[in-house]
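Throughout, my numbering is defined as the position within the sequence shown, counted from one, plus 19.
Calculated from the structure, these hints are not laboratory results. Quantities reported herein were computed from a predicted structural model and do not represent experimental measurements. Cβ coordinates follow ideal geometry from the N, Cα and C atoms, glycine included. Hints are not guaranteed to be accurate.
Claimed, not checked - Computed Cβ-Cβ distance ranges for the label pairs, DEER-style:
1. 283 to 242: 16 to 26 Å
2. 256 to 71: 31 to 41 Å
3. 116 to 221: 29 to 39 Å
4. 266 to 287: 29 to 39 Å
5. 47 to 97: 19 to 29 Å
6. 257 to 130: 35 to 45 Å
7. 257 to 117: 17 to 27 Å
8. 66 to 136: 17 to 27 Å
9. 268 to 35: 34 to 44 Å
Claimed, not checked - Computed cross-link-like contacts, DSS-like style, restricted to lysine-lysine with a CA-CA straight-line distance of at most 25 Å:
10. 219 to 105
11. 161 to 209
12. 105 to 50
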Amino acid sequence: MSVDAPNAQPTSSQRLLPGLIGSIRPRQWLKNVLVGAAPVAGGVLLDSGVLLNTAVAFLAFCLAASGIYLVNDVRDVEADRTHPTKRHRPIAAGAVPLPLALSVAALLLLAALGLSLLATVELLVVVAVYEAVQLAYCFGLKHQPVLDLCIVASGFLLRAVAGGAAAQIPLSQWFLMCAGFGSLFMVAGKRYAEIRLSEKTGVLTRRILSSYTPSYLRFVWTLAAAGVVTSYSLWSFEIRELNDSPWSVISIVPFVIAVLRYAVDVDGGD
20 MSVDAPNAQP TSSQRLLPGL IGSIRPRQWL KNVLVGAAPV AGGVLLDSGV LLNTAVAFLA
80 FCLAASGIYL VNDVRDVEAD RTHPTKRHRP IAAGAVPLPL ALSVAALLLL AALGLSLLAT
140 VELLVVVAVY EAVQLAYCFG LKHQPVLDLC IVASGFLLRA VAGGAAAQIP LSQWFLMCAG
200 FGSLFMVAGK RYAEIRLSEK TGVLTRRILS SYTPSYLRFV WTLAAAGVVT SYSLWSFEIR
260 ELNDSPWSVI SIVPFVIAVL RYAVDVDGGD
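Please model the entire structure based on the sequences and the hints provided.
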């Protein structure tokens, strides 16, 4: 009489769907709420058509980002297989075949373009630029110092721009500068935390970290922090002049506190 092994490993087919879902990183979709920044700032999010177009932009970036994650994992598969933690990623672990991953990636990238066209042509252009820049990152620019920081930061900036494109509202120069410096602040902070962690563990989480020093990343991080606080403050004063309301200026205080709090977490290695 046969007895099923209690610790039997799942078959390849059983691992495929969970592996594919894990590879498209649905937990990272939260980043795409940035598409709502411009409509919220402009006070038009709930206007007729704007909410729907913003939702389309959110979904388009979810599809596009997931496609990029798949391409990136396929490109890095050999390096990931020798990494102590990344080797457990579904593609590196063999749960998702490479041809299937690339096919799904292509479908997601094309679907993102098609979906964005349902909103506005401007959104289509922004999503296309995002995909082109991120693919360039996957195919080599991720290993170029400074460029890698700028490209990762541009992903957040383009999400904010996409919200304006979807809602078809003009974007203030201060809004764009705030979004740009804010993106660089988060990316440089993350790299700084990673390089601090690598010094403690002796393991580089990504190859590009060997091209940086903690002091350089801290410089970029500090520069970006100054830029985001300054641009947000100037943007707030501009809004006060337009709306004749003090609330935008008052918001500078919690904004600066949030920046300082994030800095505490990053400096602590979180």
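Results of checking the hints against the structure:
1. The supplied range of 16 to 26 Å is met by residue 283 and residue 242, whose beta-carbon atoms lie about 18 Å from each other.
2. Separated by about 32 Å at the C-beta atoms, residue 256 and residue 71 satisfy the suggested range of 31 to 41 Å.
3. The hinted window of 29 to 39 Å between residue 116 and residue 221 holds, with their beta carbons roughly 33 Å apart.
4. The given range of 29 to 39 Å is respected by residue 266 and residue 287, whose C-beta atoms sit roughly 32 Å from each other.
5. In this structure the hint that residue 47 and residue 97 lie 19 to 29 Å apart at CB holds, the actual value being about 23 Å.
6. Checking the proposed 35 to 45 Å range against residue 257 and residue 130 shows it holds: the Cβ atoms sit about 38 Å from each other.
7. About 50 Å separates the C-beta atoms of residue 257 and residue 117, a value inconsistent with the hinted range of 17 to 27 Å.
8. Distance hint for residue 66 and residue 136: a CB-CB separation of about 21 Å, consistent with the stated range 17 to 27 Å.
9. A hinted range of 34 to 44 Å is violated for the C-beta pair residue 268 and residue 35, which are about 54 Å apart.
10. Proximity of residue 219 to residue 105 is assessed by CA-CA distance (about 19 Å); at most 25 Å being required, the pair is judged to hold.
11. Among the hinted pairs, residue 161 with residue 209 is consistent with the structure: their alpha-carbon atoms are about 15 Å apart, no more than 25 Å.
12. Restraint check for residue 105 and residue 50: satisfied, since their Cα atoms lie roughly 22 Å apart, inside the 25 Å limit.
In this structure, the earlier hints numbered 7, 9 are contradicted, and the remaining ones agree with it.
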